[in-house]
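J.: Letter by letter, the chains look like this.
Number of protein chains: 2
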Amino acid sequence: MTKPIGVIDSGVGGLTVARELMRQLPQETFIYLGDTLRCPYGPRSEQEVRAFTWQMVNFLLEKNIKMLVVACNTATAYTLNELQEKLSIPVIGVIEPGARAAIKVSQNKRIGVIGTEGTIRSRAYPNALKSIDSSIRVNDLACPPFVPMVEEGMLTGPEAEGVVERTLSPLKKMNHIDTLILGCTHYPLIKDLVQNEMGSHIQVISSGEETAREASLILAYNNLLEKNAEAPVHEFYTTGDMEKFRLVANSWFDEPVRILRPVELHHVQSSAM
Amino acid sequence: MTKPIGVIDSGVGGLTVARELMRQLPQETFIYLGDTLRCPYGPRSEQEVRAFTWQMVNFLLEKNIKMLVVACNTATAYTLNELQEKLSIPVIGVIEPGARAAIKVSQNKRIGVIGTEGTIRSRAYPNALKSIDSSIRVNDLACPPFVPMVEEGMLTGPEAEGVVERTLSPLKKMNHIDTLILGCTHYPLIKDLVQNEMGSHIQVISSGEETAREASLILAYNNLLEKNAEAPVHEFYTTGDMEKFRLVANSWFDEPVRILRPVELHHVQSSAM
Chain A
0 MTKPIGVIDS
10 GVGGLTVARE
20 LMRQLPQETF
30 IYLGDTLRCP
40 YGPRSEQEVR
50 AFTWQMVNFL
60 LEKNIKMLVV
70 ACNTATAYTL
80 NELQEKLSIP
90 VIGVIEPGAR
100 AAIKVSQNKR
110 IGVIGTEGTI
120 RSRAYPNALK
130 SIDSSIRVND
140 LACPPFVPMV
150 EEGMLTGPEA
160 EGVVERTLSP
170 LKKMNHIDTL
180 ILGCTHYPLI
190 KDLVQNEMGS
200 HIQVISSGEE
210 TAREASLILA
220 YNNLLEKNAE
230 APVHEFYTTG
240 DMEKFRLVAN
250 SWFDEPVRIL
260 RPVELHHVQS
270 SAM
Chain B
0 MTKPIGVIDS
10 GVGGLTVARE
20 LMRQLPQETF
30 IYLGDTLRCP
40 YGPRSEQEVR
50 AFTWQMVNFL
60 LEKNIKMLVV
70 ACNTATAYTL
80 NELQEKLSIP
90 VIGVIEPGAR
100 AAIKVSQNKR
110 IGVIGTEGTI
120 RSRAYPNALK
130 SIDSSIRVND
140 LACPPFVPMV
150 EEGMLTGPEA
160 EGVVERTLSP
170 LKKMNHIDTL
180 ILGCTHYPLI
190 KDLVQNEMGS
200 HIQVISSGEE
210 TAREASLILA
220 YNNLLEKNAE
230 APVHEFYTTG
240 DMEKFRLVAN
250 SWFDEPVRIL
260 RPVELHHVQS
270 SAM
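Chains A and B supply the protein sequences, listed in that same order. Be aware that the first sequence starts at 0, since it is given in numbering that gives the first Met the number 0, and climbs by one per residue. Be aware that the second sequence starts at 0, since it is given in numbering that gives the first Met the number 0, and climbs by one per residue.
What the hints contain is simulated information worked out from the structure, not anything from laboratory work. Check the hints yourself; a few may be wrong.
Since the list can't tell identical chains apart, any single copy or any two copies may satisfy a pair.
Unchecked claim - In silico SDA-like links for lysine to any residue, alpha-carbon gap of 20 Å or less:
no., residue 1, residue 2
1, K85, E61
2, K103, T28
3, K129, E229
4, K103, I217
All chains should be built: construct the whole structure from the sequences, respecting the hints.
T.: Structure follows, in structure tokens:
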């Protein structure tokens with residue numbers, strides 16, 4: 000029987016991960032849940048992020064998912080270990096895939112990380128990098144203006160360039176990194192701006208592509224790959240405004256997003272909390 | 000207690016994988032065993048390759064390895080499923096990592112594969128690619144001259160260029176692929192020649208880098224990452240001439256290869272066969 004893969008995010012940013020998952024795993028069925036109503040998670044407390052994440056997870060567990068992808072860096076930082084311990088299905092976050100990809104490409108072992116306040120404060124990226132190679136030096140930087148900018152659709156132009164330039168300047172001054180991890184799923188949408196600002200000698204890692212690659216391996220490793228090659232039908236859920244979510248989703252996917260139902264998470268049981 | 004990771008290969012080609020494993024996992028200890036005496040495996044029968052591989056595996060199991068990397072495409076093609084079924088430790092081959100990396104980077108879903116006769120005949124790459132995405136089209140080509148050329152150290156110059164040009168011409172004529180998998184661990188040593196011949200628009204995938212990345216994930220996933228950051232001491236074994244192996248190994252690694260003992264595999268028990 001075909002079982003879906005669950006993808007959760009604080010809002011629309013995780014759609015960049017979902018898009019890569021669907022591209023690299025075109026035979027798999029995905030259920031996406033974005034907590035748009037309570038986005039962004041970045042400035043929230045750990046307690047809040049954990050509570051909201053468990054609500055999303057419990058909603059998806061009722062859909063009989065075979066794997067869970069936490070497509071939000073903040074939620075990954077605060078809940079991944081707990082989810083991996085408590086759930087019987089494989090759980091993948093977006094932080095370790097980005098860390099491993101950076102280790103693969105970095106030649107000088109100096110790696111930059113940009114993300115939300117929550118992600119940077121959690122030290123999840125430095126911990127992930129140093130658990131594999133303690134000699135790696137990490138320069139990280141919280142970039143609070145980036146998520147609102149992307150959510151407003153300000154992805155190009157002089158104003159966006161100015162925001163990126165001002166925000167990244169502390170990182171640019173410490174000009175020793177050769178690799179930069181986009182530690183927030185919104186950032187791939189301004190990847191070109193970041194690349195231009197940092198310079199072409201910096202390798203920029205998008206967590207979405209890397210997470211999809213690792214999800215593919217974990218599915219194969221657990222013998223969970225879908226054998227049926229028929230075109231799957233995905234489901235997208237949002238806690239916020241449906242039309243707004245549909246507009247964003249349709250602008251990011253080649254095909255129109257077909258199914259979209261609102262869900263009120265506070266009505267969902269959260270027994271696993 | 001520190002447990003090593005075992006790496007097996009038909010000869011010296013797998014050292015390209017070992018080098019990447021040591022670079023991306025600098026806290027891990029590796030034991031490398033190259034069956035130089037009976038190399039190449041490419042033209043051998045499936046039965047022979049399976050028998051030789053099990054002899055190597057049994058030798059490494061006695062060293063109490065925590066994970067096995069089959070760093071030889073031919074051995075992976077013929078024995079990976081069997082090894083994964085029968086061993087209680089994680090077993091990683093070089094074929095699936097290359098396949099997943101190719102799926103990640105290919106935009107037009109037309110992927111080329113070059114390898115030994117055995118690897119190409121086994122259909123292992125097309126099977127791995129199509130099990131993830133049945134719509135992928137694969138152009139594969141056996142390149143028998145490449146392994147002897149690399150083993151002889153002929154890595155640059157007009158003669159080597161000529162061999163690469165002649166060998167790849169059937170693949171080049173079907174000029175639709177956008178990604179080419181080097182499906183043999185010897186080939187990364189002539190990656191530049193292959194890239195020049197195929198053109199800069201083709202993305203060339205080295206299985207070694209990709210396998211190391213996936214080994215890193217599987218270690219983390221199974222909670223097997225080495226926590227101790229002290230510099231590990233690796234061991235290299237060969238069934239063939241020690242000095243010849245040492246020369247090749249030293250030319251490929253930044254630091255001299257320290258320990259190297261011959262082993263006669265036919266004296267090793269092969270009870271698991």
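J.: If a hint holds in the structure, say so; if it does not, say that too.
T.: Verification of the hints:
1. Proximity of K85 and E61 under a CA criterion of 20 Å is satisfied intra-copy only: 15 Å inside one chain copy versus 35 Å between copies.
2. For the identical chains of this complex, K103 and T28 are inter-copy neighbours only, at 18 Å across copies versus 29 Å inside a copy, given an alpha-carbon limit of 20 Å.
3. Taking the shortest alpha-carbon separations for K129 and E229, only the inter-copy value of 13 Å comes in at or below 20 Å, while the best intra-copy value is 42 Å.
4. Proximity of K103 and I217 under a CA criterion of 20 Å is satisfied in both settings, with 19 Å inside one chain copy and 15 Å between copies.
Every hint, counting from the list given before, is met by this structure.
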